[in-house]
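K.L.:
Read in order, the letters of the sequence shown correspond to residues 1 to 78 in the working numbering.
Errors might be hidden in some of the hints.
To be verified - Below, simulated SDA-like cross-link-like pairs (lysine to any residue); rule was C-alpha separation at most 20 Å, straight line:
#1 Lys25 to Ala41
#2 Lys17 to Asp43
#3 Lys52 to Gln33
#4 Lys52 to Ser28
#5 Lys25 to Thr40
#6 Lys52 to Glu15
#7 Lys47 to Glu15
#8 Lys52 to Trp74
#9 Lys17 to Ser28
#10 Lys18 to Val2
#11 Lys13 to Lys38
#12 Lys38 to Asn48
#13 Lys47 to Lys25
#14 Lys47 to Glu8
#15 Lys13 to Ala51
#16 Lys38 to Leu11
#17 Lys52 to Arg37
#18 Lys25 to Gly42
#19 Lys52 to Asn66
#20 Lys38 to Tyr59
#21 Lys38 to Gly24
#22 Lys52 to Gly24
#23 Lys38 to Asn23
#24 Lys38 to Gly21
Keep in mind that the hints were calculated from the coordinates and are not lab data.
Only a predicted model underlies this, so the values are computations on that prediction, with no experimental measurement involved.
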Amino acid sequence: MVLNLADENWLTKAEFKKRFGMNGKPMSEGTYQSRMRKMTAGDSEFKNGYAKVNNREVYINAEVYNAWRSAEAWTNVK
């Protein structure tokens with residue numbers, strides 16, 4: 001997956017945390033770190049949804065993240 005910032009699915013880390021937080025609050029840093037670690041672990045098919053340009057510039061693809069969340073939810077239902 002190519003990092004195309006014109007694609008509205010690519011969010012900065014701050015935008016991502018704000019959009020996927022709960023009850024009007026941004027996602028906590030701990031929750032963010034945990035979810036990104038799980039989403040990008042090993043040979044995960046979802047790792048292409050995370051792009052780290054450098055330590056200050058990180059992008060997450062909302063579409064890929066939602067697909068990962070759905071897969072995680074399905075795993076937890078079984």
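K.L.:
With reference to the structure, classify each hint as holding or not holding.
P.N.:
Comparing the hints with the structure gives:
Distance restraint check for Lys25 and Ala41: the Cα-Cα separation of roughly 26 Å exceeds the 20 Å cut-off, and the hinted pair is therefore not satisfied. Restraint check for Lys17 and Asp43: not satisfied, since their Cα atoms lie roughly 24 Å apart, outside the 20 Å limit. The straight-line distance between the Cα atoms of Lys52 and Gln33 is roughly 13 Å, inside the 20 Å bound, and the hint therefore holds. Between Lys52 and Ser28 the alpha-carbon distance is near 19 Å, which keeps this suggested pair within the 20 Å criterion.
Between Lys25 and Thr40 the alpha-carbon distance is near 24 Å, which puts this suggested pair outside the 20 Å criterion. Among the hinted pairs, Lys52 with Glu15 is consistent with the structure: their alpha-carbon atoms are about 15 Å apart, no more than 20 Å. Distance hint between Lys47 and Glu15 is fulfilled; the C-alpha atoms sit about 19 Å from each other, no more than 20 Å. A distance of roughly 28 Å separates the Cα atoms of Lys52 and Trp74; the hinted pair therefore is violated under the 20 Å criterion.
Among the hinted pairs, Lys17 with Ser28 is consistent with the structure: their alpha-carbon atoms are about 7 Å apart, no more than 20 Å. For the given pair, Lys18 sits about 23 Å from Val2 by alpha-carbon distance, which is inconsistent with the 20 Å threshold. Distance restraint check for Lys13 and Lys38: the Cα-Cα separation of roughly 16 Å lies within the 20 Å cut-off, and the hinted pair is therefore satisfied. Taking the CA atoms of Lys38 and Asn48, the gap is about 13 Å. The hint holds against a cut of 20 Å.
A threshold of 20 Å between alpha carbons decides the hint, and for Lys47 with Lys25 the separation of about 25 Å lies outside it, so the pair is violated. Taking the CA atoms of Lys47 and Glu8, the gap is near 18 Å; set against the 20 Å cutoff, the hint holds. Among the hinted pairs, Lys13 with Ala51 is consistent with the structure: their alpha-carbon atoms are about 10 Å apart, no more than 20 Å. Taken as a hint, the Lys38 and Leu11 pair is honoured in the structure, with Cα atoms around 18 Å apart against an allowance of 20 Å.
A distance of roughly 13 Å separates the Cα atoms of Lys52 and Arg37; the hinted pair therefore holds under the 20 Å criterion. For the proposed pair Lys25 and Gly42, the alpha carbon gap of about 30 Å is over 20 Å, so the pair is violated. Only pairs whose Cα atoms come within 20 Å are accepted, and Lys52 paired with Asn66 is accepted, the gap being roughly 19 Å. Taking the CA atoms of Lys38 and Tyr59, the gap is about 16 Å. The hint holds against a cut of 20 Å.
Simply put, Lys38 and Gly24 have alpha-carbon atoms about 24 Å apart, too far for the 20 Å limit, and the pair is violated. Under the criterion of a C-alpha separation no larger than 20 Å, the hint pairing Lys52 with Gly24 is inconsistent with the structure, at around 26 Å. Using a Cα cut-off of 20 Å, the hinted pair Lys38 and Asn23 is violated, with the two alpha carbons roughly 23 Å apart. For the proposed pair Lys38 and Gly21, the alpha carbon gap of about 17 Å is at most 20 Å, so the pair holds.
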